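Start from chain A and add chain B according to the hints.
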Amino acid sequence: DAGVTQSPTHLIKTRGQQVTLRCSPKSGHDTVSWYQQALGQGPQFIFQYYEEEERQRGNFPDRFSGHQFPNYSSELNVNALLLGDSALYLCASSPEIRQNLYGYTFGSGTRLTVV
Amino acid sequence: DAKTTQPPSMDCAEGRAANLPCNHSTISGNEYVYWYRQIHSQGPQYIIHGLKNNETNEMASLIITEDRKSSTLILPHATLRDTAVYYCIVNNQGGSEKLVFGKGTKLTVNP
Numbered sequence: 001d002a003g004v005t006q007s008p009t010h011l012i013k014t015r016g017q018q019v020t021l022r023c024s025p026k027s028g029h030d031t032v033s034w035y036q037q038a039l040g041q042g043p044q045f046i047f048q049y050y051e052e053e054e055r056q057r058g059n060f061p062d063r064f065s066g067h068q069f070p071n072y073s074s075e076l077n078v079n080a081l082l083l084g085d086s087a088l089y090l091c092a093s094s095p096e097i098r099q100n101l102y103g104y105t106f107g108s109g110t111r112l113t114v115v
Numbered sequence: 116d117a118k119t120t121q122p123p124s125m126d127c128a129e130g131r132a133a134n135l136p137c138n139h140s141t142i143s144g145n146e147y148v149y150w151y152r153q154i155h156s157q158g159p160q161y162i163i164h165g166l167k168n169n170e171t172n173e174m175a176s177l178i179i180t181e182d183r184k185s186s187t188l189i190l191p192h193a194t195l196r197d198t199a200v201y202y203c204i205v206n207n208q209g210g211s212e213k214l215v216f217g218k219g220t221k222l223t224v225n226p
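If you're matching them up, the sequences are chains A and B in order. 1 is the number of the first residue of the first sequence in our numbering; add one for each residue after it. 116 is the number of the first residue of the second sequence in our numbering; add one for each residue after it.
It is worth saying that the hints were derived from the structure and are not from the lab. Note that this is a predicted model, so its numbers are computed, not measured. Just so it is clear, CB atoms sit at the ideal spot from N, CA and C, and this is done for glycine as well. There could be a bad hint or two in this list.
[As the list claims (entries may be wrong)] Chain B regions said to be covered by chain A (calculated; three or more residues, Cβ under 8 Å):
id: 1; segment: 150-159
id: 2; segment: 213-219
[To be verified] Per label pair, the in silico range of CB-to-CB distance:
id: 3; chain 1: B; residue 1: Ser143; chain 2: A; residue 2: Glu51; range: 24 to 34 Å
id: 4; chain 1: B; residue 1: Met174; chain 2: A; residue 2: Phe69; range: 27 to 37 Å
id: 5; chain 1: B; residue 1: Leu195; chain 2: A; residue 2: Ser65; range: 35 to 45 Å
Looking at chain A on its own, in the form it has when it is part of the complex (with noise of 0.2 Å):
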């Protein structure tokens, strides 16, 4: 059984390029959280999608910004990269009304590095 699988696993773009990070989601699971992880600390956060819609958001500006398709995969986009953008970003699947029997599955996460 799959787990939630993440491209690319590694990214280098330029300072204000755009980027796109996706996500397939465990199986059996429809709702997706993605996580930014900066080095040395704990993921923060971005915003969580379920049925195509954003249900909850972090503190991230705009520029961050997602969507959820049909089958549940997801992806999140950046513009204007910034230096400080530069993390490891995380997509978590899990069932929607399950959340508390098992727990979130994350995916291995997207090294992004901006220079």
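Just chain B now, kept in the frame of chain A:
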């Protein structure tokens, strides 16, 4: 901000029990205690969670104090592969609440 406090680092000898403490003195009645761990270069992995009773699964045991203001994650026989950052998180019941991570405890299991 995270609602939990954990020591930044701990060491444990291989084969011995690792006891990781967590303080969550402001936890409310409908909040669960969750534990995740993150092995280097991987995403966080769910370990266990509980409300007020002690819990055990194939990975670990969770001991929650009677007043629910603190808890301890126990890895009964630590191995080198248990070296990781361990996060204690409080999270509301129901729905799919966001996880608020602190800095966690870096556990190093030594041979």
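Hints versus structure:
| no. | hint | in the structure |
| --- | --- | --- |
| 1 | 150-159 | holds (count 5) |
| 2 | 213-219 | holds (count 7) |
| 3 | B:Ser143 x A:Glu51: 24 to 34 Å | 28 Å, holds |
| 4 | B:Met174 x A:Phe69: 27 to 37 Å | 33 Å, holds |
| 5 | B:Leu195 x A:Ser65: 35 to 45 Å | 41 Å, holds |
In summary, this structure violates none of the numbered hints.
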